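Participant: Chain residues, written in single-letter form:
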Amino acid sequence: MKRLKSVNDFVIKFANVNGTGSASANNLFAKALFRMGLPVSPKNIFPSNIQGLPTWYEVRVSEKGYLGRRGGVDIILSVNPQSMAQDIREIEPGGYFIYDNTKPLDLRLVRNDITVIGLPLTRICNEKYQDPRQRQLFKNVIYVGALAALLDIDFKVLTDLVADQFKGKEKLILPNIKALELGHQYAKDNFDCPIGIRVKSVDKVGDKILLDGNTALGLGAIYGGATVAAWYPITPSTSVVDAFEKYARRVRIDPGTGRRNYAIVQAEDELAAIGMVIGASWNGARAFTATSGPGLSLMSEFLGLAYFAEIPTVLFDVQRAGPSTGMPTRTQQSDVLAAAYASHGDTKHVLLFPSTPKECFDFGAASFDLAERLQTPIIMLTDLDLGMNDNMSEPLEWDDSREYDRGKVLSEADLDEMESFGRYLDSDGDAICYRTYPGAHPEKGAFFTRGSSRDEQAVYTEKGEEYERNMLRLLQKWDTIKEYVPAPEIIASKEPTDMAVLYFGTTEASAREAVDYLAQEGVALDAMRVRAFPFNQEVEDFIDEHERVFVIEQNRDAQLRTLLMAEFEFGPDKLKSVLCFDGTPISARNIRKQILEHLPGNNVTPLHRKVRANGVGERA
Amino acid sequence: MSYQIPKFRHPDLPVNDLGYTKAAYEGSISTLCAGCGHDSISGALVRACHELSIEPHKIAKLSGIGCSSKTPTYFLGKSHGFNSVHGRMPSVVTGAAMANRDLLYLGVSGDGDTASIGMGQFAHVIRRNLNMVYVVMNNGCYGLTKGQDSATADEGSAGKKGDVNPFNAIDLCGTALQMGATFVARSFSGDKDQLEPLIKAAMSHRGFALIDVISPCVTFNNTPASTKSYEFVRDHAEATGTVDFVPMRQEITTSSRPGAAHEVTMHDGSVLRLYEDVDTLNPFDRRSAMMALMDQQHEGNILTGLIYLDKSSRDLHDVLETSHRPLNQLEEDELCPGNKMLVNINASLR
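Protein chains in written order, with our numbering: chain A, 224 to 843; chain B, -8 to 341.
Please keep in mind that the hints were generated in silico from the structure rather than gathered at the bench. All of these numbers come straight from a predicted model, not from anything done at the bench. Here a beta-carbon is modelled for each residue, glycine too, at the ideal position from N, C-alpha and C. Treat the hints with care, since some could be wrong.
As the list claims (entries may be wrong) - Label-pair distances were calculated between CB atoms; the ranges are: (1) B/F158 to A/Q388: 55 to 61 Å; (2) B/R118 to A/S643: 38 to 44 Å; (3) B/Q320 to A/G645: 23 to 29 Å; (4) A/L698 to B/F158: 43 to 49 Å.
Said to hold, decoys possible - Far from chain B, some chain A residues (derived; all Cβ distances over 12 Å): (5) Y409; (6) S716; (7) R812.
Given these sequences and hints, build the entire structure.
Facilitator: Structure below.
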């Protein structure tokens, strides 16, 4: 058997039972590698459940800095007998299976092409600890200690991390270090350490940070000046508001009175949540809600109101696998069309697509400026993979000289100088009109906000020409919006080429890696990451300049491709789909394989026909 | 369409403490059917706001969808208004109230907008005790879609088409009591002497104040077989008692009659005097209020007047401990912690 050998380049997957405290131990492992200067990308693969079901934690380590899912697993650390059969099957030939051998391995599971390493975790815990809860918690820490020996992790980095982690709860530091040592010692005494796969300190992370997108987004809302958050709990968006609240408690308490400079309302449902955001924004506060697919569906009617009545609205949608309840704890990018055209009648909404925690923070804060400047809903589409996993990211920054753009709002003094005020009068020619906050002026500026048709003075009308004029102005505003939303990011291939890839959001890391692989194989591809809808001119030009564009996305129906075709009228032949929708983040290997299948000369079966013929089949 | 009321007024019209005549509180001409109960309620709202000397622009009027929800166009033309979506006015008011605690929030809804499509938001805005006045113009039917029964139509009642309603009615006052409302009143659009003081009291209450106003639909539900007709309500209204509302600024002695059973000082310093007619009701006891509602319903009567008042009401801002200054007036330097904090956060994430 040929054992896998590598330094700083592997995938390890922890197979745990949820509710057993494994998350913090696994996190300790990933963070230790990060502190050794290694790019890591940990991903939780967890059930919609609180206790007792299988949960996994996959960590990709890549000195080259590839942070997408690679596909395949080199090492499994298994402490969950429930999923053991499946876990063993998943290991790449030559890989390693590390498990709790207190109970001997079922002979039927043995594979001859992998290395099996047994750690008597339960036995050690039973000998060392009396308390059942401690036995369970320390079991996790012990295997991290053992991995430190097996993979040659700097032990001091681990102990320093433990000290940081339990700052303020110093009593817990020593017992945790002790548990790490137990595992470390056992592995050293019983195996040749390190095994074929190992780590070595490097400096490949610079000043980067490890942070989940939802926390970054919650912080973005703080920095963006949000004072009202209205929401309904839903995975995977809940931690956005949790983070907002955590930091608000820290920085938004009035020093004089001790009272809160923010209000968080947990609504009765998503309809109420978005209604509250609209009410607060109408009244001059910066407000937001965070939700996921099912919530977005419920919010549709109100989004139409905000579009038509032109009320700033900020909505963060952390996408998960749909339709319906779908797979609530798995990732997808499948709300694109539902968000872009949410609500009945002719509506279109601004979408932002962040791909890193830094962008979650930046776009999160910018959403409030955009919403107030453009007086329309801003829907940010992030996803579970970005939102709930620690992602390596550029550090967060705030330019202290920056000022909020509160948009076109008339003050009492402005109104005093005006002869008349028309809420929906386009006096600047950019299709964005002036608004007033309730209570602004005793005599002037009051108007009636409504979802029904009205004239430029906000007075109800059923005249077709007035209605049409207003709808055309909204379309003209759509053009103005293109100047404000983030431009795409374009990365040109080293070789000239007429082929390109186009992607958005969390597909970025895997797409970039796949483009590198393909370049090595002689397939040159330009790349564009779309960061917003409406699409700017650059998006159209880029597609125009290429013969063939592979649109990579994480949904079944090629939703971004549909949006591109709807907005630009490109023919279907030009845009080829590369898709992944099994609920796991798309991998570089998958993208490479699908692009190769599409290349001229290869025998290409369009995806939809293949799916019909074979079922989804093997595409990962 | 909206039609403006002519601006000409009699020069000697009385002015309030702010120097405004009643005209400053009026809106456009109503386009509802002649004789609609809703117009009487609009009139009562105009008079109440005028007499209370509330600055018109310090009121925000919000509604859902339906005949009732159209009325905010017909009063308080100097106030911002918001005609939102069907059944969702409470959430919009909640957001607005969070943004600026200094305005007076007047929500206008109907029985369809509240008891059917909006039942969930109605229940939850009560539960949160949002500081607002919630007026239901309750006619037991859907007017704009031509007379279907609503969820507050009484079992056995029949409208213009003659079909007898087979379903139990939702009693909004009973529901509000159950959900924890801190001010519950019912009135009749045809009884302005009762309605106006109730509106004033509701506006002085800190917390959620419901006024369920039976407001006959002259077009679809004013038939002899309807229990929401002018005639039926006049014959069957059983008032809890009468209410005198004495604004904070007024001398208590002048207009008040003797014999008040209770005198309540409201949050803003005004005084509410209650004269009892239903002697089994203690309006400060939720169980007693519930019992009185059910007793009168059992007798085939409609209990009107102030039904319940919680004198120790704490509104949502109290519960959330929000800043005394409106959140929409906070400045950028109070909201944004600046780059220095990010430097520390970054350091903790390495």
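Participant: Non-interface claim for A/S716: all C-beta distances to chain B beyond 12 Å?
Facilitator: It holds; A/S716 is separated from chain B by about 33 Å at its closest Cβ, greater than 12 Å.
Participant: If I claimed the Cβ atoms of B/F158 and A/Q388 lie 55 to 61 Å apart, would that claim hold in this structure?
Facilitator: Hint holds: Cβ distance 60 Å, inside 55 to 61 Å.
Participant: Taking the closest pair, is the beta carbon of A/R812 still more than 12 Å from chain B?
Facilitator: holds (29 Å)
Participant: Could one say that the CB atoms of B/Q320 and A/G645 fall in the range 23 to 29 Å?
Facilitator: holds (26 Å)
Participant: Mind checking the hinted window 43 to 49 Å against the Cβ distance between A/L698 and B/F158?
Facilitator: holds (46 Å)
Participant: Over 12 Å from every CB of chain B: does A/Y409 meet that, or does the non-interface label fail?
Facilitator: holds (30 Å)
Participant: Can you tell me whether the CB distance of B/R118 to A/S643 sits inside 38 to 44 Å?
Facilitator: This hint holds: roughly 43 Å between Cβ atoms.
Going through the hint list in order, the structure satisfies each hint without exception.
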